[in-house]
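**Q** Each chain is listed here by its residues.
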Amino acid sequence: MDNNTFILSKKVINISLIMIAIGLISLAYGYFGGLGAGRIAANILMNTFYFLGIALIGLFFVAVHAIAESGWQVSVQRIGEAMSRFIPVGGILLLALFSLGGLSSLYEWTHTEHLDAILLKKVGYLNVPFFMIRFFIYFAGWIILAWLIRKTSLKLDVDGDKFYFNRLRTVSAIFIVFYAVTSVTSSFDWLMSIDAHWFSTLYGWYVFSSMLASGTAVIIILLYVLKRMGYMTHVNAEHVHDLGKYLFGFSIFWAYLWFSQYMLIWYANIPEETVYFYTRLKYFNTIFFLNLVLNLAVPLLVLMTRNSKRMFAVLLPVSVVVFIGHWIDMYQIVMPGVVGKEAGIGLLEIGLTVGYAGLFILVFFHSLSKAPLVPKNHPYFKESIEYHTNY
Amino acid sequence: MYVSPIREPLIKGNKDYSQVTRDIMAPMAGKPSKYWYMGMALAGAAALMGAWASYETVFNGIGTWGLNKTIGWAWDITNFVWWVGIGHAGTFISAILLLFRQKWRTSINRSAEAMTLIAIACAGFFPLIHMGRLLLGFFIFPYPNTRDLWVNFNSPLLWDVFAITTYFLVSLVFWYVGLIPDIGTVRDKAKNKIRKAIYGFLSFGWTGSARHWSRHETISLVLAGLAAPLVLSVHTIVSFDFATSVIPGWHTTIFPPYFVSGAIFSGFAMVLTLLIVARKALNLEDYITINHIESMNKIIILTGSIVGIAYLTEFFIAWYSGVEYEQYAFFNRAFGPYAWAYWIMMTCNVITPQLFWFKKIRTSLIATFIISIFVNIGMWFERFVIVVTSLHRDYLPSSWSMYKPTLVEVGLYIGTLGLFFTLFLLFIRIFPVIAIAEVKSVLKSSGEHQKHAHHE
Amino acid sequence: MSKFISAYYHDEEDLIKGVRQIRNQGIEPADVRTPFPVHGLDKAMGMKRSRLTRVAFAGGAIGGLIGFFFQAWVFTVAYPINFGGKPFFAVPSFMPVTFEMTVLFAAFSMVIAFFIHNKLGPGAKTIIYDEQVTDDRFQILIEADDLDEPEQQRIEKALKEAGAQGIQLTS
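Residue numbers (the numbering used here), protein chains in the order written: chain A, 4 to 394; chain B, 2 to 457; chain C, 3 to 173.
Keep in mind that the hints were calculated from the coordinates and are not lab data.
The beta-carbon is built from N, C-alpha and C at its ideal position, and this holds for glycine as well.
Among the clues, some could well be false.
DEER-style ranges, computed between Cβ atoms [unchecked claim]: (1) A/18 <-> C/51: 37 to 43 Å; (2) C/126 <-> B/45: 34 to 40 Å; (3) C/68 <-> B/73: 29 to 35 Å; (4) A/132 <-> C/87: 56 to 62 Å.
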């Protein structure tokens, strides 16, 4: 098989640098244009969380298939591994945000002089020192486990030794357990505490499902780009089909959790819970429902047929729609609580997202060039190549 | 399709197609063993107790139960949710594992689906019997009537009517459609004229025609695609019975996926309990291998851990919310009058499944059997704790009360256990317990001697 | 009563070869019968994709629309009642029943269409030419009514080449 090494071309580097530059310019525009610390901080949080979440899903993809002893994904596994290299970058950006005044712009519970009765009760959890300790625990765990998974995967590719195969399963299992808990608590910490008077037990899983769908969409988009560049020639309609099924299923799963959270709060009509949706329905109405159209209606209707899931011609646009759709989801998660009525989608929002995408692409492709693109000595490699199904 | 040599074979013993037919049809032949008769006698006795308890309930009223204000639901709903939950494993194995191309499901799906149907029947019994005026049970369906009344579409109890009915009917269709080719096999092997005629009728004329097979595969796939969200929706709607309320311990947004995971968790435990015995008794160890048992145990760790994380999330948010009623609800569960039920639940649901992280325990039949029973006990107590502790002490302390079951309620539950095992024992004798055609279709790629096959 | 040339194979790979051989000679088998679905046979026989999936989609769409609009009619026109302050047109409440109706109608319409299309069902009159087909034999049936001797020989030779056993004329 030729083309097993990815070569990081100048073109890719340049494009990503231009995108990053757009991001920085938008940030400067936001700062000097007086858009307010709240809006800037909200955008940085929103984008960092979004791309970090997608990176974690890349790792999750590798881990979950390792413990399920699945074979087909081996051909596309490196994409997930490379995505996970963004995790430490996300950590640095988030640390910078929190250290440079982001905490007080984003979270009202940091204003310890004005805490009302409700926020006072939460002080045991919502205080800056404990918050930051948790921050370091999350990233230490994620980074170490990502590194271990990557290292074991590369060792496994040397000669398919069963020892590393088993170790990959073990490390993947540890990551899954750690991630299951920390994905919930990190979304409580960084997102749910924006609306600190509110709470929802489903919140952590809801955010996770959003990342799962958009992470899958990103894997599809990156696979397409790689194929366009002439790599991944062994990837055929069967692999694409499976990714398409995931996108379809995860989108429905996200919608199911969205509905569960919304309907239960709507039904019981308890004011301290409904206040969350009240703001969103009143001032973010279009965004709120656009969220559903992009993330449920489009994948459900367009990806229903078998063929649609096998062709990039259909799957790619839907993936892009889902990627944008979950960005919209993040927007309606973060903006109402931090910025409120004055929020908008302008140069800052779009430009900064472009910048983050550029950074993500740079880190991704750089990581991809550091290892053989296809784990040819993986015990399931042959299964992954010679596979076709009747359905 | 190519299968990597490091995978364990799914069918042991170097079988060929006709051997598969004979092995799987063997339990249906000849006279039943004495253990089968003993099982039927026990199950029958339990069912009779249920018959007595039903008589008491219908003719002497719900007053023969231990329900009172404020505990309007207790054993009845606990049992309902427990049985529905158990039923979910069958659909999960048939539908979701099919969509994930897990070939190991082929030896367990037939019996798991049968278990689902029987479990749903047992589950459906409880909403019916708890109505009091059972003969007016048809009121729950929307039909034009002279009272100009329709049902309350706002009520999760009504959503349940549609969900359970749909679930039962679709599972029945899915199970039967899959069964038809195997009934054809039984028909063709039958020597007795009456037997041939009966199975001939039940086989719907199945010929094995390739065109029919092709369409059969298509509809099986679509049914799987429909059944997968269906199974999620059913237990979700059951969870809505509680989550749409306003009382602490019930109204919480995590209930839908938490209930679904719990259902799959308990369902797999019941499948394991049944199949560990059945594989030995029916000599099917070459088909339901330790590998299959291990795979099911892995699903138990997964779903059990999800349930555990849900518990942790609920506690945390109860504290985080600052709502004293919510906090008390959880405090009361752990340290109040029903604490004993709570700690049985925690031990059985959180601690025991974690033992499956150890390969030795995962691959031990005895350990699996014991743990599967504990899981089912634990999941019964989970529903009991949720239902009763939230009802017996909610917002107003002056309304707090206690609940104790009566023999009638216990009798109804034992009755459904009897019904379940009676029907399952009958199923073993009447239909092939393993999907014959499906096992044959994976024999070449995943059977034992195929590891050395010269063509694939 | 039609006459058929019937032959069987012991292995599905040989069956597929046999089917291809026959079709290459321009003969369409009347039926091919197997104990389980054989992958690759669809293609070898030139079978088109089933339209049953469209029946399922149509059925589901109808079920969903009926479910949703029936609830809407009941709650807004027939007998609107104020339940806990919820609006009469309570969309979130309508979703569970709508979803269940969609699944129910999709499943049943497709399965009923399957039985009708295949002419299978309780009391269906089908002929089993070889009872071993549901056990371990893979059978090809070719219409023999309009075939003369040399053609029959040709077909039997083609079948044998792929390893067919038990070639006989049946009705």
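**Q** Hints first: check each against the structure and report whether it holds.
**A** The hints, checked one at a time:
1. A/18 <-> C/51: 37 to 43 Å: Taking Cβ atoms as reference, residue 18 of chain A and residue 51 of chain C lie about 41 Å apart, which means the hint holds.
2. C/126 <-> B/45: 34 to 40 Å: 36 Å Cβ-Cβ, so the 34 to 40 Å window holds.
3. C/68 <-> B/73: 29 to 35 Å: Since residue 68 of chain C and residue 73 of chain B have Cβ atoms about 34 Å apart, the given range 29 to 35 Å holds.
4. A/132 <-> C/87: 56 to 62 Å: violated, 44 Å
Of the numbered hints stated above, the single one contradicted by the structure is hint 4.
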